[in-house]
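Guided by the hints, dock chain B onto chain A, whose structure is given.
Number of protein chains: 2
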Amino acid sequence: MPTATLPKHYTDLVSLQRESGTLTSIGALISWDQETYMPSGGATARAEQTSLLAGIIHERNTSKKLGDLIAQCEADSELSDQSTPEGANIREMRRDYDLATKLPTDLVKNLAQAQSEAQEAWKHARANNDFPSFVNDLTKVLDLTREKGECYGYADDGEVYDALINEYEPDTTAKEIESVFTPLRDRLSAFIAELTENGTSPKTDFLHRSIPVEKQHEFGQAITAKLGFDYKTGRLDTTTHPFCSGFGPGDTRMTTRYEQTNFPDAVGSTMHECGHGLYEQGLPKSGDLFGTPLSSAVSLGIHESQSRMWENMVGRSKPFWNYALPVANKIFDNAFSDIDLDTFTKSMNTCTPSFIRVESDESTYNLHVMLRFELERAMINQDLAIKDLPAAWNEKFKNFLGLDVPNDAQGCLQDVHWSFGLVGYFPTYTLGNLYAAQMWETINEQIPNLDSQMEKGEFSSLLTWLRENIHQHGRRYTAAQLCQRATGKPLEADPLMRHLERRVKPAYGI
Amino acid sequence: MPTATLPKHYTDLVSLQRESGTLTSIGALISWDQETYMPSGGATARAEQTSLLAGIIHERNTSKKLGDLIAQCEADSELSDQSTPEGANIREMRRDYDLATKLPTDLVKNLAQAQSEAQEAWKHARANNDFPSFVNDLTKVLDLTREKGECYGYADDGEVYDALINEYEPDTTAKEIESVFTPLRDRLSAFIAELTENGTSPKTDFLHRSIPVEKQHEFGQAITAKLGFDYKTGRLDTTTHPFCSGFGPGDTRMTTRYEQTNFPDAVGSTMHECGHGLYEQGLPKSGDLFGTPLSSAVSLGIHESQSRMWENMVGRSKPFWNYALPVANKIFDNAFSDIDLDTFTKSMNTCTPSFIRVESDESTYNLHVMLRFELERAMINQDLAIKDLPAAWNEKFKNFLGLDVPNDAQGCLQDVHWSFGLVGYFPTYTLGNLYAAQMWETINEQIPNLDSQMEKGEFSSLLTWLRENIHQHGRRYTAAQLCQRATGKPLEADPLMRHLERRVKPAYGI
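Those protein sequences? They're chains A and B, same order as listed. Residues 8 to 517 (our numbering) are what the first sequence spells out, left to right. Residues 8 to 517 (our numbering) are what the second sequence spells out, left to right.
Everything hinted at is true.
Chain copies aren't distinguished; within one or between two, either way the pair holds.
With a cut-off of at most 25 Å between alpha-carbon atoms, the simulated DMTMM-like pairs for lysine to aspartate or glutamate come out as follows:
hint: 1; residue 1: 239; residue 2: 42
hint: 2; residue 1: 222; residue 2: 244
hint: 3; residue 1: 182; residue 2: 163
hint: 4; residue 1: 239; residue 2: 55
hint: 5; residue 1: 71; residue 2: 26
hint: 6; residue 1: 15; residue 2: 55
hint: 7; residue 1: 116; residue 2: 295
hint: 8; residue 1: 116; residue 2: 19
hint: 9; residue 1: 394; residue 2: 422
hint: 10; residue 1: 182; residue 2: 154
hint: 11; residue 1: 72; residue 2: 26
hint: 12; residue 1: 182; residue 2: 166
hint: 13; residue 1: 109; residue 2: 174
hint: 14; residue 1: 233; residue 2: 465
Source of the hints: derived by calculation from the structure; they are not laboratory data. All of these numbers come straight from a predicted model, not from anything done at the bench.
So that you can see chain A by itself, here it is in the shape it has in the complex (with noise of 0.2 Å):
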């Protein structure tokens, strides 16, 4: 439907989306600044500015004005096909007015309230590796993320795990989820045992050479701008824990952290949030739809499967490192020049169990995140009781990654995001990195010289791509439908085999 026949209903609705999206564009600066360059002193009034400010946009997002627009269009036949823009633009304000309004404001009020106190007890608990006195705090959390589930609702033959991704990954169920986690599980175990028994790990000392952080924060820059992060409309700054924020058109910031001897992890996170960043940038924010679903990123998971792509499918590639490495040996003072491009490759592709999910490497990642789904939705459907988590945690993490915890703090504690309530987050990790796999295969079939382009360093078809499957559509489609027509078929598990056995049997000699 072209703009000019448009009817004043749903303009007027795209114009009050707009001011929301910009106010929450504020609010997405206020907490950048408050990683970034905020002085400690200014913490107090800022905790006010932000409520204050989420306070105003929760007005408008959930106002009878925005409620009887909605639904003034969803009533108006020529915006009814969600196969055009509008009708699904309409879709999506419709979902997101409903997780707005759903919650009744004293269950909002005792979330908050829990998760407060949760977050202090879990902080204490994993201090002291003192389960026993968290169980109150995230058995009282658990029970009102149950709630919160409920009062979403979800389908008749689902179940209220269902209802709370829906937050993360619209559109996705747990049974879903587990038919694409329970086949990859079952070979990663197996491929990481194989590796551990039988493979040699690859050399990885040099990797911790003392880089000067200035230096590492040049070549990030350098890297990036070369995969297509537009500086004109970005920035890169440092920060503790990497992000990456979109705030609108025009203004993309990524952050990401430096240590002197570990130049990967600065490179794998900048690598990351710049995939991130480079969805934002491509999300259609410019014209009049900012604000709206169609200008937003469709799921955590697909915006996962963007940064896991450019850090792990490009930055452990050795086509990448083919152009990557004589950079890096420029800026850094020749500090590899005694590696060889193999090598150095095989450094980047290890897999070794360990505990603690953020260190962990691309492969034993993924069975991390999925113990966590199993366990999450076992306690929100009441399967397992809070006070037995520390044992079904040690069970299956020996099942899983063949290690014995050794405690709480290094097993069940080491997580913050359980007793923010995050129940439905954790498996959009590596719903991540299955459709960047899944995608990965599909671009190297189209563009079979992929891997010459890039050891030139030339990335932009690459990026042309994604700029067209995914980027451009915002929430146009849903992720599943997003998946279907960009790689021909639903979401599996087998892409992401593929590709780990392709990358890091070789690095162990197998």
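Leaving out everything else, chain B in the frame of chain A:
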């Protein structure tokens, strides 16, 4: 009145103002980001954020709810004593509310439109040295600005200019300013003529030695920390046009600029902004009153008095450089180790008539300002036709500074202010110098060994005096009251003249 007994209409008013203050502080942050870290591509979206937020704040600041609460408080005899904090706060809230509500929407819109057009016309006129092409736009802006002044209103024996000053320097009139400016102007012109005729210019070439920008930044941070700027609740960053913005409790951002071969420029600009920063950090923002007038700066003139005192009274003094020169030599690898203290101090106290205000020295600066005061007053009072501005400017310039203005680009077209409709703003620069000099005399009487403290790099007595006499009061007293309380006298021209004579004459061997 103890907080517990304050009536609900007052505490509601304070809460409402706190929210507006919090939103305003968000506006200050996004504007700071625009000048410091925003990528260029973010400009359009930032303008949209700024304007949306300004609209929300304006709506709150002009709301009936706010007006009703102010009226309720004014009607409450328990709150009417303006010598109490509450009474003063209500008096100032009334002032702000009236300023925000007295202008018809059409006038605000027309003025915004005219300002935007006049700025473009001014850019063109200055670039082409073509004042006639600017006459119509400037006339339009000044006509609308006059109309604005009429809407604000002024005393029966006053003039429309008074209403305009009121935005920047409350409770001051053109006649009051004139009564201080005129004697200063005449004595200053004579003083400058004497220096030019009988003095010997101090040596300054060494000031342009090349100092790396990072080292200048390190020096600026070291010095300002010593002056008392708290870096736990503040920052120093780099911008083209230095400024200082007090976001709110615990967060004050200063910016400065650096030029490799102009070290004194960075020192002056950094110490100037530090003066603003110390005022912002000293305002009573930490309690419940944040966002109300009691937590805000009293006027632009008083704000400027703080920046000028640290920049000039401190930053060009021999005791200060007794402490700071060794610091500079340490950080700058002995760049000035061949320059003795006396020679260095003299180089910081030059006086050379020149054409451009923003490049002028401490003495001549005031003549630039007074010239503008007289001309803008004449224009707004319709005593001077806009087309005759260049001739009037050049004639006064010759009288005040003894120079023939070569062209309008270096004359009446050099500042952007008038195209913004900023009338009544210029005098606050010299009012700042006057307040600073008068306070400085009192401070030196009350802290007789201040010089020897400064020689050792001790500034805490000075800062304490400013905290107690100026900063802590916010807008409780008017600028005139504050001056009277702090110095025992109304504002006079003599202290500034005495200060300049004491400083600059010795530098010229007089």
